[in-house]
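Asks: Listed below, chain by chain, are the residues.
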Amino acid sequence: MTGDTLNPKDPDFKALGLIAGIEIHQQLNTEEKLFCRCPTSIREIGESSGTFFRYLRATKSELGELDRAAEEEMMRIRKFQYLTYDTTCLVENDEEPPAPLNDEALDIVLTIAKICGMTPVPEISTMRKLVIDGSNTSGFQRTSLVALNGKLPCGTAIDTICIEEEAAQRIEDTIFSLDRLGIPLIEITTAPDMHTPEDVQDTAAEIGMILRSTGRVKRGLGTIRQDINISIREGARVEIKGVQELDLISEVVRREVQRQVSLLEIRKELLARGASIEKDPVDITELCRGSGSKILKKAGMVLAIRLNGFAGLVGREIQPGRRLGSEMSDYAKKCGVGGLFHTDELPAYGVTADEVKAIKGSLLAGDNDCVILVADTQEKCRCAIKQIISRADMAFIGVPKETRKMLEEGSTAYMRPLPGAARMYPETDVFPVRVTKERFEALKIPEMINDTIARYSKTFGFDREVARQIAYSDRRDAFEEAITAGVKPTLAERAFNSTLRELSREGIIVDNLSNEDIISLLSDISRGKIAKEALSPILIAMAGGKQLKEAYESVAPQVSVDDLKEIVDRIVRERAEFIKERGNSATGPVMGVVMKEVRGSVDGKIVNQVLREAISRVLNDQ
Amino acid sequence: MNKQEFETGDQVRCSLDGCQCEGTYITARDGMATVKLTSGYNIGIPSDSLTWLSTPEQVQMDIQDVSQNTDLPLVSIVSTGGTIASRIDYRTGAVTSQFRATDILSAIPGLASLAQFRAVQLCNILSENMTPAIWQKLARAVYDEISAGSGGVIVTHGTDTMAFSAAAISFMVRSPVPVVFVGSQRSADRPSSDNVMNGMCAAAASLSELGEVVVLMHASTSDDKCVIHRGTRVRKMHTSRRDAFRTIGSDPVGTVDYPSLNVNLGPSAVKRGERDLAIFDKIEEHCGLIWYYPGMDPAILSAWKGYKGIILTGTGLGHVGTDFISRIKEMIADGTVFFMVSQCLNGRVCDRVYDTGRDLLSAGVIEGEDLLPEVALVKLMWVLGQGYGPDETARLMRENLVGELNRRSRV
Chain A
1 MTGDTLNPKD
11 PDFKALGLIA
21 GIEIHQQLNT
31 EEKLFCRCPT
41 SIREIGESSG
51 TFFRYLRATK
61 SELGELDRAA
71 EEEMMRIRKF
81 QYLTYDTTCL
91 VENDEEPPAP
101 LNDEALDIVL
111 TIAKICGMTP
121 VPEISTMRKL
131 VIDGSNTSGF
141 QRTSLVALNG
151 KLPCGTAIDT
161 ICIEEEAAQR
171 IEDTIFSLDR
181 LGIPLIEITT
191 APDMHTPEDV
201 QDTAAEIGMI
211 LRSTGRVKRG
221 LGTIRQDINI
231 SIREGARVEI
241 KGVQELDLIS
251 EVVRREVQRQ
261 VSLLEIRKEL
271 LARGASIEKD
281 PVDITELCRG
291 SGSKILKKAG
301 MVLAIRLNGF
311 AGLVGREIQP
321 GRRLGSEMSD
331 YAKKCGVGGL
341 FHTDELPAYG
351 VTADEVKAIK
361 GSLLAGDNDC
371 VILVADTQEK
381 CRCAIKQIIS
391 RADMAFIGVP
401 KETRKMLEEG
411 STAYMRPLPG
421 AARMYPETDV
431 FPVRVTKERF
441 EALKIPEMIN
451 DTIARYSKTF
461 GFDREVARQI
471 AYSDRRDAFE
481 EAITAGVKPT
491 LAERAFNSTL
501 RELSREGIIV
511 DNLSNEDIIS
521 LLSDISRGKI
531 AKEALSPILI
541 AMAGGKQLKE
551 AYESVAPQVS
561 VDDLKEIVDR
571 IVRERAEFIK
581 ERGNSATGPV
591 MGVVMKEVRG
601 SVDGKIVNQV
611 LREAISRVLN
621 DQ
Chain B
1001 MNKQEFETGD
1011 QVRCSLDGCQ
1021 CEGTYITARD
1031 GMATVKLTSG
1041 YNIGIPSDSL
1051 TWLSTPEQVQ
1061 MDIQDVSQNT
1071 DLPLVSIVST
1081 GGTIASRIDY
1091 RTGAVTSQFR
1101 ATDILSAIPG
1111 LASLAQFRAV
1121 QLCNILSENM
1131 TPAIWQKLAR
1141 AVYDEISAGS
1151 GGVIVTHGTD
1161 TMAFSAAAIS
1171 FMVRSPVPVV
1181 FVGSQRSADR
1191 PSSDNVMNGM
1201 CAAAASLSEL
1211 GEVVVLMHAS
1221 TSDDKCVIHR
1231 GTRVRKMHTS
1241 RRDAFRTIGS
1251 DPVGTVDYPS
1261 LNVNLGPSAV
1271 KRGERDLAIF
1281 DKIEEHCGLI
1291 WYYPGMDPAI
1301 LSAWKGYKGI
1311 ILTGTGLGHV
1321 GTDFISRIKE
1331 MIADGTVFFM
1341 VSQCLNGRVC
1351 DRVYDTGRDL
1361 LSAGVIEGED
1371 LLPEVALVKL
1381 MWVLGQGYGP
1391 DETARLMREN
1401 LVGELNRRSR
1411 V
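Residue numbers (the numbering used here), protein chains in the order written: chain A, 1 to 622; chain B, 1001 to 1411.
Simulated from the structure, these hints should not be mistaken for lab results. Every residue, glycine too, gets a C-beta built ideally from N, C-alpha and C. Treat the hints loosely; a few may be bogus.
As the list claims (entries may be wrong) - Not the full set, but computed from the structure, chain B residues with beta-carbon under 7 angstroms of chain A: (1) Y1041; (2) N1042; (3) I1043; (4) P1056; (5) E1057; (6) I1088; (7) S1192; (8) V1196; (9) T1221; (10) M1237; (11) A1244; (12) R1246.
As the list claims (entries may be wrong) - No more than 30 angstroms apart at the CA atoms, straight line, and that leaves these computed lysine-lysine pairs for DSS-like: (13) A:K268 to A:K218; (14) A:K79 to B:K1236; (15) A:K79 to B:K1225; (16) A:K129 to B:K1329.
Claimed, not checked - Derived coverage of chain B by chain A (criterion: at least 3 residues anywhere in the stretch with Cβ under 8 angstroms from a Cβ of chain A; other residues may be distant): (17) 1033 to 1040; (18) 1130 to 1142; (19) 1359 to 1371.
Build the full structure now, drawing on both the sequences and the hints.
Replies: Given below as structure tokens:
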């Protein structure tokens, strides 16, 4: 592995052997939850109806071992508190057996499987997957394999599609809210088929498009979760959880590759230097009593460990904003400490150069060595040092297998060890569900949004961006309804999209404009009752709370065609001389006067027509 | 080798519309096989789409025997089938109940520091399949354990009929030590199960200063406290909640805090050593429990002809339809004793207020005070089993023997 392979401008991902896969979890917008009859509404914490608490026990496998990830979870023994609502029931409380698997949810998942050309499982078994971080009140998540072996239009293979229940929302450490627990999720897992960051992002975009095309998935922050699995040839598989924004995906992949390459370079350097790790920490609490750093000064204990030959490597950046020291710090934090100090970044944080010298001296550290310090209670320090040594050991291997969480700009932090094979056993309270050929064949495939965009462009002449906006819009169905009712496409588009966006940008709240009202308005415009110029002002009035009729009045008084004729006749009479002088070219200027007076409450075309007739009459009288 | 019949554990290949995957064969029914894939998921797939690959050797599980501290007091665990401990075989997904002391201690490690345990497996049944004959076996087993020196007995039991059994043992065994019935509402295989907490609290109760037969279960949906209910005043009042069991018409005997395991006994608790050990295990099984409803056909009573005793669960203060009364009178004349309790569950029967009630009394029906219907049935079986005549039977039924009946209705 040479530094050349990772040209920061354009790394050769193929040569690095980048392999990536995505796992997407999307909430479904069904009437009821997956295993109970509660609505799938998300609530405010303030609306909670009550609270209870439970202890969750890690169960031993048949071989007497605890699950690896579960073991780390148990390092801090906690009890969990749950918030209930008038929209949650005894099933969420783990006080009642589950209801049968939600049919509506299963149909949505089967439809998506069908779109991807997958094979449905003949009989679906619901499983219990052990989860003891508190996010499931029963200590397990119910999950079922629904379909296998499909392919996306972009070519990426899909391994499996599952249906499962959403977990409870963590409010704070060990407090969870039960409104989210049990909402149906579709889980789509691709094959580890992608080899460039762009592949990964394109695949995620395509899956997102397919999901949205069903019209049956929830929208908004937190309703979709994207996890990415990445490895490079000499690295290790890392799972990055919770990549919310589609646009950041390729950057996340890029940075992870960078991180893995950097760790491998550090490894090489450590081996070349003959580096090693001192296993016995040194108590330097007394030494730090006079420290310029409040943390070191006031700590119950300060422990330090010497890493031989690590100088400059702990502080080396492996990813924008992240160093090897950041990784060690993540591991240490599992013990409850706030972080660590290391001599690659000192003097800093109040610690003076003299202090550094003294600390290094006390640990007999040379220029090639790095010293790590933790400051907290005795128990937490000892725990943290063990973790730091553990992570330092891993530096000799290169890239540890981990589950990581995404940070704001696309870098990542350690979350927990990659879990072992999921502990799953049958959920015997839920009967298996047969998926017959008939049922699968009867499922209707909706139009894909990409096709809708193409259709709108072609049929209505919208430019691609506008077509995309409408196709993805909440108001799409209303838009199509208006078109079917005979409203002109460009008008309908403005009413349901462009104009709303403009108003929104001006700070007007357009969300409460009902589709029904907009359709009524469009229909009135189509019939000539209202001028199309009045669209914007009427929408603004309605957004401000006025009813449709009121809005019409306030924008302009109703001007009937007869009224219009009167107005036009009057204005034409007043300007008779001017008209006789200019002939037909007087129409333009006079039109302006008329429009000013009727203030847009009549269609300009109609005004024009009435005016021309009036002007003709004047000219013919000559 | 082309194997058509598969055994649990066989490695098989599944063919599904051109897609192949491998897994472990679990079982089959009606031509549909259950296979566990390498991912851990089970799928149901037609048996004829499977191809046998291999039959792996059975891995013998190394079960560590848990060593017990012989300095601690001795507590017996008598299992009738309630699942307090279970083990999951992830290979096949099977969940098996565990009854040996070493398995229970393995599942609930905290127990080993409280006492030394001797486990007796009486039977392994769903509690709806309990019978009076098994109550008798249970009574003898409890008696034997106490005779052999146990300082307390824990009885694990399915929750459906646990109250019946607790009442039965209350009458059949006079115990100087705690006899604690315990079960779990949520299956023991799940991390959220109430088995651990209930088990630990039961152990604490069995070591306390208590000296009677009780039922111990959760006090609320939270894991903070268990309630100790007198075995003759408790009823399962919810199909599924952890706190389904409630003491009716009385105060609970006490509580056990969790995780501190502090036992708090109320003033009415019978204390350790107050009673002398004795067993009265004869019962008259031929007794019935009838729940009256409007329009019930008196002809139904013929099905109960020849029964030694009937508990009528009447409406309100203790009533049944007037057209029932003549049949009842006939049966009493034929030798069946009738006692009246109320569907209200709470409150005292009084047949002296309304005509129907007075007619029932004239017919020979005896008021059952404030006995719970199920407890009244068990008590009647026991009292008749002791061989008393009708007058003595009536007197004993209306006397408080082991806390099953309140002479006064407290406010």
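Asks: Does the structure break any of the earlier hints, and which numbers would those be?
Replies: Hints 4, 5, 10, 11, 12, 13, 16, 18, 19 are the ones this structure does not satisfy, whereas the remaining hints hold.
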